[in-house]
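The whole structure should be built from the sequences, with the hints applied where relevant.
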Amino acid sequence: MSADLERWRLILGPAAERSTGGLSRENAGRDAALDWLYGRDEDLGKRDVRRGGARGADRHGGDEPSIVTTVDWLDNIHRLFPKETIERLERDAIERYQINDVLTDPDVLARIEPNPALLKAVLQTKHLMNPAVLNAARRIVEEVVRQLVEKLSVQVRTVFTGSRSRKPSFHRRARDFDLKRTLKANLKHYSPEDRQVSIERPHFHSRTSKRLEQWQLVLLVDQSGSMTSSVIHSAVTAACLYALPGLKTHLVAFDTSVVDMTSEVDDPVELLMKVQLGGGTDIAKAVDYAAGLIENPRRSIVALITDFYEGGSEARLVHTTKQLCEQGTQFLGLAALDEEANPSYDRNLAKRMSDVGAHIGAMTPSHLVEFVAERLGT
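Residue numbers (the working numbering): 2 to 379.
Any given hint could turn out to be false.
Unchecked claim - Label pairs and their computed distance ranges (CB to CB):
1. Asp195 / Gln156: 30 to 40 angstroms
2. Ala17 / Gln197: 30 to 40 angstroms
3. Tyr191 / Asp268: 48 to 58 angstroms
What the hints assert, rightly or not - Below, simulated DSS-like cross-link-like pairs (lysine-lysine); rule was C-alpha separation at most 30 angstroms, straight line:
4. Lys352 / Lys323
5. Lys275 / Lys249
6. Lys152 / Lys84
7. Lys127 / Lys152
8. Lys152 / Lys249
9. Lys286 / Lys127
10. Lys286 / Lys352
11. Lys249 / Lys189
12. Lys249 / Lys352
13. Lys323 / Lys152
14. Lys286 / Lys275
15. Lys352 / Lys127
Because the hints were derived from the structure by calculation, they are not lab data.
We put the beta carbon where it would ideally sit given N, CA and C, even for glycine.
Now the structure itself:
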């Protein structure tokens with residue numbers, strides 16, 4: 002059977018075998034692994050498509066293999082699929098099909114590859130976990146947070162170590178290498194035979210350091226369930242900004258209560274393990290709390306990260322926002338703070354806040370870092 006026919010068989014399912022032929026042992030394993038997960042889709046029955054092995058709806062007694070557990074399935078997909086596919090399959094298992102033992106069985110948690118989707122699921126269900134499972138889940142939190150911090154820290158260092166200027170520099174540092182000027186100055190050393198330019202004198206940029214006068218950044222994070230990704234990235238962003246000279250960073254989580262988590266902002270793992278997702282939302286109370294933290298309004302940034310669905314007083318929220326903006330505080334209202342930056346929010350309330358001076362939008366963490374850096378440079 003050709004590889005093309007096997008691909009068509011995998012796409013079309015067992016009914017196509019009369020035309021395509023059967024599958025190799027490895028591809029049969031892939032087919033079974035996909036069927037275990039996607040065979041539980043409710044829509045298959047409506048379309049008269051065979052149900053998958055996950056529930057055994059179409060199995061009839063005899064010589065079938067024993068029921069596949071989640072641990073078996075995880076072992077199989079890690080053996081049969083590339084990393085990107087594994088991450089997609091694990092994400093669908095958690096988010097689309099709510100396969101609960103992915104988050105309740107320590108053996109499953111020990112095998113599964115840490116990824117952002119799994120981190121979200123852990124944070125949303127950690128209050129239901131027993132101590133043994135929670136201990137296994139912590140490994141996932143630590144690994145994903147480490148990856149996020151590592152990535153954002155590079156961006157923070159790039160933004161806050163000073164911007165490149167057009168002036169040349171005699172300090173030879175790889176990150177300041179001026180490729181365009183170097184090529185232009187050394188074109189006379191081009192060898193047509195070798196198709197290479199010999200660099201006799203490299204050129205470098207100089208950097209203009211940012212003057213980091215004392216500023217305050219207050220991150221207000223809505224910890225309702227829909228904001229889980231933003232909570233994760235807020236904790237990571239605060240940790241990366243916390244140690245910067247000239248910037249006093251606060252992290253405040255809220256629902257109907259307000260919890261100042263600034264004392265733990267240097268440990269985002271511990272912080273996330275303590276966050277309580279869900280519950281109501283009183284944005285006005287959180288903004289009032291932020292207003293009480295402000296020391297110098299013209300040297301302050303308040304970043305409110307929420308979906309703007311207010312359970313408290315909208316009038317009070319808009320009034321406090323207006324007061325902060327009139328005092329000179331930079332007020333950011335972010336409907337999302339994550340890598341996708343896809344907002345879903347109450348546009349009417351967001352517009353009312355925008356009308357009194359708030360900047361409303363959605364950002365990735367790196368864009369928030371750039372926004373803060375720009376303000377600190379003024």
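Violated constraints from the hint list, given by number and in increasing order: 2, 11, 13 and 15
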